[in-house]
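Asks: So the chains spell out like this:
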Amino acid sequence: MIQTVPQSIITIALCALATILTRFIPFILFRSKEKTPKVVEYLGKALPAALFAMLVVYCLRNTKISTGNHGIPELIGILVVTAAYFWKKNMLVSMAAGTIVYMLLVQFVF
Amino acid sequence: MNNNEVRRTEKDINQADGAGKEVKSVNIKETFKFAFPKTLPVMAGYVFLGISYGILMKTKGFGFRYPVSMAAIVYGGSLEFVMVDMLMSKFNPVQSFLLALMIQARHIFYGLSMLDKYNDIGGKKIYVIFAMSDETFSINCSTRVPANIDKGWFYFFVSLFDHFYWVFGAGAGWLIGSLITFNTEGLDFVMTAMFTVILLDKLFHEKKHYTAVIGALSSISCLLIFGADNFLIPTMAMMLILLIAFRKPIEKAELD
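Order-wise, the sequence lines are chains A and B. The first sequence maps to residues 1 to 110 in the working numbering. The second sequence maps to residues 1 to 256 in the working numbering.
Only chain B is shown next, with the shape it has when bound in the complex:
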């Protein structure tokens, strides 16, 4: 296979697309309409979790600017909850940085999975990589984008909507969290439900399930051995080892 030749053709097609500006603006509208419903479960989950986070920050005595700027700049749910304790203990920048790296390490694997997809989408690339949360990665990685939809803008809109829900939730939680009276217990299950559906959809569309089995096996066994707070790093290591060890049969069986 001549990679260079393939690349050149892709570029030509992109340039041809860019030439018809009218076509492109229609595409963006359609892309917006296609992307928004995909983010609805994240809206439910992020607004809810964001509100819980905003309330927590307020009760711990932080000003409005804290949860909102942390939601916007750090934009990582589990890390931000850990940071509440971090900011309330003795200043230790090195330890904070290393802990953040450990909590966020899984994003490296998301990036590896999106290398191809996030290529060739222009300047939007910087933002979609910056805003690649667990949920945004899952949607952007698993959605089969139809031909009439602009891939780059689709990834961009999903990233932007999700990011906005999280910042909005954090701010709303700080401002009006105490006014919420209806029982929201269990609403966070929407995130579990979303990952479950995305996994099912992936399983349904592939012939063999070696890699999903490796993922499940690694994470369940590491969860049992290392416990809820420390299992992600060993899980990633185990996944990596198993995927590389069984590369030949996996490549033969399921990857196109």
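The shape of chain A in the complex, shown without the other chains:
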């Protein structure tokens, strides 16, 4: 460890503060519904689907397509999740199915 205890406490506090800021800023800026600009209201409705897509990509950001196992376990895992979702319409079941298949693939096949 290089940073002293007081230094590391400051670093941790600043990282916590940065996180808290990003989480609270929208609620502080747009406190009352009447004063919230229409475009912000629109973004609030339009963003979730875009963000869910972003989070899937974010989870897969370190998958190497050109080397290693070429992201095949990830692709199969997602296909299993999708197939199970449309088959059973149960979110928990499809997540479990996809995760188990993925674990088997990376532990025993690839």
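Derived by calculation from the structure, the hints in this document are not laboratory data. Don't be surprised by glycine CBs; every beta carbon is placed ideally from N, CA and C. Don't take each hint at face value.
DEER-style ranges, computed between Cβ atoms [said to hold, decoys possible]:
#, chain 1, residue 1, chain 2, residue 2, range
1, A, ARG31, B, ASP85, 33 to 41 Å
2, B, ASP120, A, VAL93, 30 to 38 Å
3, B, GLN95, A, ILE25, 16 to 24 Å
4, A, LYS88, B, ASP85, 40 to 48 Å
Using the hints provided, position chain B relative to the given structure of chain A.
Replies: Structure of chain B alone, referenced to chain A:
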């Protein structure tokens, strides 16, 4: 539309709810039962990732208090992993703060999406905003809460459970991480699976998919251009520009 009038009616309903205290305590129990299963995938993912984080902190020579307090106070997975290196390099508070802001900037978009939902849930608001991780946001934003369930308590329980899993994992990883012998490789895929299912569920319940396409297009193209470590900020910028540029057709097509 008269916003004031709508607000007043909502308030009246809330007050009426508060009057019947017995009804409310039953609701909390049911809400607990409704919320818990929703967090099971996060339990698997957070306990696993938390353990990896706790182990990493221990092997780098940090005491037990470090991973646990960081998990509780900072509560942001990717930032905490970055902080391991941060704490082991020269003290640079300004750079640390700016880096943390960049890594966490996506939360601003989560907040914008939850402005409506987290309104009118009383003092719980402070905690649910504080504890809004990627996963908690996704569950709270995507769950269609039934009428017999108290929305505020639902958001609160999901936030609290997820937060607890993460802190528990970090502590357990530091304490007993080296005792885990079964092969957990690939368990972190549960988070990918969860976001995929939430996305599918969203797509299934809306008529047109313009905004999901914009999200996918922005993040994939920025990932290819900027690489895994730097693509979130450009993705957010691109999403914002596209969503505003296509506001008219999007509003017409899919938003109620």
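Asks: The structure should be examined with respect to each hint, and the outcome stated for every one.
Replies: Structure-based check of all given hints:
In this structure the supplied range 33 to 41 Å holds for ARG31 (chain A) paired with ASP85 (chain B), their Cβ-Cβ distance being about 37 Å. In this structure, ASP120 (chain B) and VAL93 (chain A) meet the distance hint of 30 to 38 Å, their C-beta atoms being roughly 34 Å apart. Taking the beta carbon of each, GLN95 (chain B) and ILE25 (chain A) are about 21 Å apart, inside 16 to 24 Å as hinted. Roughly 42 Å separates the CB atoms of LYS88 (chain A) and ASP85 (chain B), a value that falls within the hinted 40 to 48 Å.
The structure is consistent with each of the numbered hints, conforming to all of them.
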